[in-house]
Amino acid sequence: MWLVLCAANDLAALWAARGLAARGLQPLEIVTAEALAYNLRFEHRLTANQPSVKITLADQRVIDGALVRGTLNRLQLIPSAHLRGANATDRQYAEQELYALTLSWLSGLPGRMLNRPTPQGLGGEWRHSSEWFWLAAQAGLSTATYQQSDAREASAALAHTATRTRIIVRDICCDPTVPPSVADGCARLAQLSGTDLLGLDFYLTPAGDWIFTNATPLPDLRSGGASLLDALADALQS
Amino acid sequence: MILLCGIPTEPPLAMVREALAELNAPTLVFNQRHFANTHFAFTLAQGRVTGSLTIDKEQYDLENIDGAYLRLMDEQALPELSRLPTQSPERQRCRRLHDALLRWQEITPARVVNRLRPMGSNSSKPYQAQLIARHGFAIPETLITNDPALAQEFYVQHRRVIYKSISGVRSIVQELTPDDTDRLEQIRWCPTQFQAFVDGINVRVHVVGQEVFATKILSDVTDYRYARRQGGESELSAVELDDDLAEQCVRLAAALELPFAGIDLKITPTDEVFCFEVNPSPGFSYFENNTGQPIARAVARYLSGNG
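As you go down the protein sequences, you meet chains A and B in turn. With our numbering as the guide, the letters of the first sequence map in order to residues 1 to 238. With our numbering as the guide, the letters of the second sequence map in order to residues 1 to 307.
Rather than coming from a laboratory, the hints here were simulated on the basis of the structure. If a hint is listed, it holds; no wrong ones were tucked in.
Computed beta-carbon distance windows for the label pairs:
{"id": "1", "chain 1": "B", "residue 1": "T50", "chain 2": "A", "residue 2": "A37", "range": "43 to 49 Å"}
{"id": "2", "chain 1": "A", "residue 1": "D171", "chain 2": "B", "residue 2": "Q210", "range": "30 to 36 Å"}
{"id": "3", "chain 1": "B", "residue 1": "N31", "chain 2": "A", "residue 2": "T145", "range": "26 to 32 Å"}
{"id": "4", "chain 1": "B", "residue 1": "I7", "chain 2": "A", "residue 2": "T56", "range": "47 to 53 Å"}
{"id": "5", "chain 1": "A", "residue 1": "W15", "chain 2": "B", "residue 2": "P26", "range": "56 to 62 Å"}
Predicted model, so just to flag it, every value in this text is computed and none were measured. Note that CB positions come from ideal geometry on N, CA and C, so glycine has one too.
Here chain A stands alone, though its shape is the one from the complex (with noise of 0.2 Å):
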């Protein structure tokens, strides 16, 4: 079984796993955040051996964990709308406790996980811009200025200039107009920071330099075509 866990408005991951069904990814589950929210039942267990996982859905299909052999993740929230009735802090503690939950048993499934969640981020670790620049600079990739302060929000130069887009699938830069340096530099900086799956932002001077603006482990796949369908198939399934 594959797995494409999302929410449920997050169209470039339906987009992904109608291509990705199209490449042999079958049986391919689509599991939104929300019907794993609300689940008719849950069972995660910690063992000596593999974790595992079981939850039957309330359409009654089950995701048995043992059964995966890959994962597109594109989770960021567990929905908590059936919490609503609580007092603010029972509602706070509990949406706490979904994280946490979530986020240990995505860990223990097995196989391929684009990408695999992290304290930071049930699809990838998100990380503060800042952060971002200066990874990207260990990267070997040209960075704006970053500026923070207490006197005002924190700010980078070009960072509301328009940019393009370039996505990295483990390692590989799907955009054969990219110059290799660049791409070079995108893979590194997705090794540094763990994101198998990483979008980055560049913004392109007029002498044709290659400015990193930002990053982000949800990106908007279908900017990617065809050519990201088959790096992300090849990923999956390696």
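Model the placement of chain B on the given structure of chain A, informed by the hints.
Only chain B this time, still in chain A's reference frame:
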């Protein structure tokens, strides 16, 4: 220079400050309650971090800070802000000050105890348990479920079972009793974590860089941290770990990217070592005050580059 951040009278911060003074290490204290007289700014250009911290009009170059020890409380709970509305300029500036400080400590080349990002592993106990298990420690059999029947079955199987929070929210570890089984229906609303009870002796291991301080805790209650509240007592004493276990603890802390960690172990009568949790911000003063172990001095040595 070593930067100390928090409330200076808070025991761990005060003890590390005193230990640094004994080492003649220059320190700079950011007292959160004096935020009104504190300013912070940094710039990141092509990977180089520069900037300044200004306290009472005295400006300090961030590049001269070699180490930082952070014991920050939630700044929005500071007494100085309590009467101010949420959107007041003072609250906003206080938030920006703390945010800038926290962003800087994630990327500065200084030795930081501890950086925020690695501390996140403690936000999910079963997630952290998976990381712990990869480093050779035994972990208790655990079930997290919203199915009362499964929880009941787990209880019958293990006979002694505890329950506790899944997230980093601090909770009192409680043992499940026959009376509690009547309340199991409530877990349908929120999955709950159950663990097989492990019999043995609690040992808290503080790892500071390569140094290890182990404390044995004898207690007559399930969660020794709350012994008094639960009508019991705890007795703490320093113990020596064997070299292999000490090294295993150092490796675990390093793998979690925590220069300073509090590792909770339980050693069974058959000498099996279970690890329950790694605390990324250990309030070590309780242990040092009860055993005399020089933990603050070790933290001071680490911060000043001699650990």
